[in-house]
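*Asks:* Which chain is which? The protein sequence lines are V and B, in order. Numbers given in the numbering used here equal positions in the first sequence, counted from 1, plus 37. Residue -13 in the numbering used here is what sits at position 4 of the second sequence, and the numbering runs on without skipping anything.
Keep in mind that the hints are not guaranteed to be accurate.
DEER-style ranges, computed between Cβ atoms [as the list claims (entries may be wrong)]: (1) THR105/V / ASN208/B: 52 to 62 Å; (2) GLU53/B / ALA95/V: 37 to 47 Å; (3) GLU53/B / MET38/V: 15 to 25 Å; (4) ARG184/B / ASP49/V: 58 to 68 Å; (5) THR105/V / LYS62/B: 51 to 61 Å; (6) THR188/B / ILE82/V: 22 to 32 Å.
Here are the simulated lysine-lysine pairs, BS3-like style, with alpha carbons at most 30 Å apart [to be verified]: (7) LYS40/V / LYS179/B; (8) LYS65/V / LYS126/B; (9) LYS145/B / LYS64/V; (10) LYS64/V / LYS34/B; (11) LYS180/B / LYS40/V; (12) LYS145/B / LYS73/V; (13) LYS130/B / LYS47/V; (14) LYS62/B / LYS40/V; (15) LYS173/B / LYS73/V; (16) LYS4/B / LYS73/V; (17) LYS73/V / LYS158/B; (18) LYS62/B / LYS64/V; (19) LYS126/B / LYS40/V; (20) LYS65/V / LYS34/B; (21) LYS47/V / LYS67/B; (22) LYS73/V / LYS3/B; (23) LYS73/V / LYS91/V; (24) LYS434/V / LYS410/V; (25) LYS130/B / LYS66/V; (26) LYS193/B / LYS66/V; (27) LYS4/B / LYS47/V; (28) LYS64/V / LYS126/B; (29) LYS172/B / LYS40/V; (30) LYS47/V / LYS145/B; (31) LYS371/V / LYS405/V.
Hints were generated in silico from the structure; no laboratory data involved. Only a predicted model underlies this, so the values are computations on that prediction, with no experimental measurement involved. By construction, the Cβ of each residue, glycine as well, lies at the ideal position given by its N, Cα and C atoms.
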Amino acid sequence: MYKGLIMEIKNDCLIVLTEDANYIKLKKKGNIHIGKKILFIEEDIIRERKKSLKSLVAIAAAIILMITTIISQFSSIESFKTYAIVSLDINPSLEFQIDKKEIVRKVRPLSKDGKELINNNMIGMKIEEAIILSIKMALDKKYINNIYNLVLVSEVIIEDELENPTVIEDKILEKVEKDKDLQDIKLLYLNSNKEDLEKARENQVSVGKYRAYEILSDKNPNIKIEDISDKKIGEIVEENKELAGNKKERVKKKKEVLSDKNPNMKIDDTSDKKTGEIVKENKELAENKKERIKKKKEKRKKERLKKKKNKKDEVKRERNRKEEIRKSNKRKHKLNKRDNECKRNNRNQEKIKKRNKKRNKDKRENLKNNKSKKENMKEKKDNEERKEKVREKKDNKDSRE
Amino acid sequence: MGPFLELFKRKKVNIEDRLKKIKNGDREERENLIEEYTPFIIKSITRVTNKYIEIENNDEFSIGLEAFNEAINKYEFQKGSFIKYAEMVIRSRIIDFQRKTRSLSNLVSLDRDSPMEDRIKEGLKINDFTDKYDMKEEILRLKSLLKGFNITFQELVEDSPKHIDTRLNSINIAKSIVENDDIKEEFYKKKVLPAKKIIDRIGVTKKVLKGNRKFIIATVLILDNDLDLLIGYISMIEGREKNSV
């Protein structure tokens, strides 16, 4: 409770001198006259500065929050772009998202068991190492055994625009061959594209499996995706030897490369042997691989160059077209101008002609008029003369009379 | 509103015990309680009247106090919150009082209709009627004096020292300025506080003088211009201070 003396009355407040000699603003209420002493309480006091400060601080804090959230979002988006997606099927299926440097950024299980093959350390690893790690884990948990020892790897490159598309297949193959624990494993590699990825996503299968399904369905139209999705890759391969045949074809290709230099080798030799053995037997294969990699790279480079050239050509063509169009336009313009000029000239001439005609007409008319006038005059004169003559005659007559 | 609510919440646990004590005949406790709750009483009254309570004409305030006292006596513990009950009692008493005064004034105004009559009556009621009008004159004079120094009451509200000690200190500075004729003359001539002389003679820091300049000027003007009522009002603070110390 305070006591105060009313000093001044303003439009929206009172100014009061309190008993302890403080000047204070109060809310306005009914009965107030200068010089009255009143009782008032904390509620009635108007304090301005604190409020404004508080609100200012609150606004500032809100703005800072907004900015920080926005920045953090942007930075998280920009930091990582998936460069390629690699799928791994043993039967638990996994999907790795990797960046430009082939480092794993995200791991996603595609089936229920898939979680068992994921290690938290995988994120940040090189893709080959991550795949080998998960294969080893699959070995430990006996998803892979002597009968079903096939692993399907498939790669989809999402960003084609990058300059050095790396060949993960060969790296993985090399690694698998080097590792003694993994020598029993057959690795099946299928290269896929974006369309496959989209379709695989639609059917909720891994890309590798979808690709395998495509290959199978070419020869066996009765197969459905559902049949494949739940089975182990090894089973699928056993059931459908076509796929294995497909694999053999690939091996054949390898063999052909070898047979160029080793004409004694037979296809059957390699088809039964594991890739590792083949490589061991033929050290050249390793070199060949390198060559292959180089070739691939070169091919891709060439393709890119071609594309670029094509693009450039297209651009040039477009430019030429545009220039031609411009030129033709210019010509048209000129022609049009000429035409217009001609037309104008014609018009002018016509006008002049018309004018001349008019003038001529006028002249003629004038002439006519003049003539007629002259004639009239003549007539008049004649008439007068006649009259005069008549008069003279009359006069003469008169005089005679 | 906020701080009061908190106050009540804190005391709520105690208030029933205290009421029990009072009902058992503890007079001191009763006075303490009433004193503590005067802000609440004032709030309840102003909620009905929407007016500030005048100190000189404090019928409403005393009625409010009586009503609160009555509430203490009549309160039964089963009735629920004491605060709500007390507010209700105060409100009804104040409304009764307003009706009475209104009917009285109506009667008077029927007989002789003039606001002058009311004023005279008021003046008769309140002893210091003239006092009030003198006070008004003094305040208006102070206002015009302050205008000469380009100071308004508004600025005094904004710039006067918030702490009571600095205010007391400033009042003392003002007093010593008034006592020194030399400084006072210069003050009136230049319409500024002669800082150098004050700092030399009275021994104040420049900071204090600058910060409280407007308040000191106002106090000097009050003290030096025979505004007796205002002087009395201001010097009350010192008496209080001494008592409390």
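*Asks:* Check each numbered hint against the structure and report the violated ones by number, ascending.
*Replies:* 4, 7, 11, 14, 15, 16, 18, 21, 22, 23, 24, 26, 27, 29 and 31
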